[in-house]
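Participant: Sequences listed follow chains A and B, in order.
Count along the first sequence starting at 1, add 4, and that's the number in my numbering.
Count along the second sequence starting at 1, add 1425, and that's the number in my numbering.
Rather than coming from a laboratory, the hints here were simulated on the basis of the structure.
The reader is advised that the hints may include incorrect statements.
Listed next, the stretches of chain A that the computed footprint assigns to chain B, with coverage defined by at least 3 CB atoms under 8 Å from CB atoms of chain B [stated by the list, open to error]: (1) 11-24; (2) 103-109; (3) 294-303; (4) 308-318.
Even glycine gets a Cβ: it sits at the ideal position worked out from N, Cα and C.
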Amino acid sequence: MRWSALLKRLALIPPTLLGVGAIVFVLLRVVPGDPIAMMIPPGASPADIARLRALYGLDQPLLSQFITWLGQVASGDFGRSISLRQQVFELVGARLPATLELAALSVVLALLMGTAVALVGSLLRGTRAEWLLDTANGFFLAIPDFLWALILLLGFGVLLPLLPISGRLDPQLAIAFRTHFYLVESLLTLRLDIAADLLRHMLLPSLALALPFAALVARLLKAQLAEAEDQDYAQIARTRGFSRTTILQREVFPNALIPTVALSGVQVTLLLGGTVLVERIFSYEGIGNMAIDAVINRDFPLIQGLILTFAVLFIALNLAVDLLVALLDPRLRHG
Amino acid sequence: MADLVLSGPITAAPSRWRSAVARGGARLWAGGLIVALLLLIALFAPVIAPHDPAEQDLMSAQLPPAFMRGGEAAFPLGTDSLGRCVLSRLMYSARTAVAVALIASALAALIGIALGLIAGAFGGLSDQLVSRMIDVWMAFPPVLLSIVLAAVIGAGLTSVIAAIVVVDWTRFARIVRAETQAQLARDYAAAARVLGLTRAQALRLEILPNLIPLIVTLLAVEMGIAILVEVILSFVGISVTGDTASWGGMITEGRQIVYQAPWIMALPIAAVIVSVIGFNLFGDGLRAALDPVQRR
């Protein structure tokens, strides 16, 4: 039963990706701006322009362009970026780790903050302070990541200049990295000065991404905690003399965790989508920032590659969350 | 007898309104107040704004707000780098925001509700089609999709609205589809069929009225989202052009001189935050007020 559900999900992935690819492809082909016009030197002859168009396959009919592209993508070739004149695959590969590190840090921060708020809220249940906490939480939830990015930039970059507001690493500290996972690599090779500087650069953007998500986790987890606390087993533990904190820790929290993961996991995709603007605001060199440049430069192959990358990440994340819930839930484990 | 029952949906007694407003509580009042204020400012901007929003006065550029040192009473919230009155531009931007919010969310709702109702009520092939479309849409980063769309259509208010509608119809479709299925499974829907209503009649007279609370709430939230999307597109440089004032445009301009004049960026951010929170509170309050489950 569960396996068949999983297989059905997996079977839907290729058509979904095909749909994403087709929509982006068609959309980009009706863009009025001409990507070739932006890369030719002044004074190029019409023959030169025609040659360039042919080089990028832009002289073919739409359907044959799409089929050619699909065939290339299937064999791992995402084409060449028009504005950066490199293979899309390499460009995305070099930038994706920056985004993944930022998103991962944001999720960790959000889970820590969200859990703390939910636990404090549960202990304050029924008091005036709980109402205050809920109201503040609603406020954090209502303001989206990119507005937090602007607020943090204004607050800690300009008014109280404590943290860097642009880039990924101080250029003076740049060393020859072997991978593009700078943070992971610097931690593994114990270059802690580098890791500290990377974290300083990541703190504001990841906080911007984390705050609304943390508020969501806090709201969901707190509701689940309240529900679990009213269940019989918690009540029984109470009558047997366990303290409220112990029950919360040992009985209620593990049971509240599963629905919280299930409900908030899907929202991680929103956080990932948020990197597009947050990276832009903090000039962080990830794929989100790159995507906006690609749109501005009308760089079709790069936009297609990036959107497909995001789509694959979104779908993979959703699957991962489902699997995680199945792993956490003892009732589903032996299904 | 049957005619009497089927002449229309059972309407709420007037006294229910009062109890609904009571259930909405402080959120409904606070949110409603902010939304009403925003609408009033948008409507009466030409009357209440102290200056023409496009009027440049390069002799008094980047003035701080009047309550700060160096401010002038003529420009209560200061001026931008072209010497335009920030307060007036904020007020005129409210017009842009309200226009985008009302038109875009209404259109997104219309498309989403129609597709959601069809998919939920008729099932089969239509449901498959709509559900697969939603799957594809959900695999897009929404921000990126709206940026690509706006770039395709070209800068301007129409482009912003189109981008919101094309991206956000799924918000309505998903929830309306699920709720339609849930309502159809209930006894009253079966009863309506037994009493001889066609499927379309049952949808219009019985199901749709029960979806209204949900739709109203979604609409309020969507208006807040629409305002945010306009800011996003401005920030990327593909929203309204030229002299049309918008909060997003003001934030983008302010970002360039944020070290010299931080208030130029801070004030429109504050306006966006207050509006978005207003719409959210209003939506929350409406949900509490209209939710038939909590009504019992």
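Participant: Please flag the earlier hints that this structure goes against, numbers listed from lowest up.
Facilitator: Of the numbered hints, just 2 does not hold.
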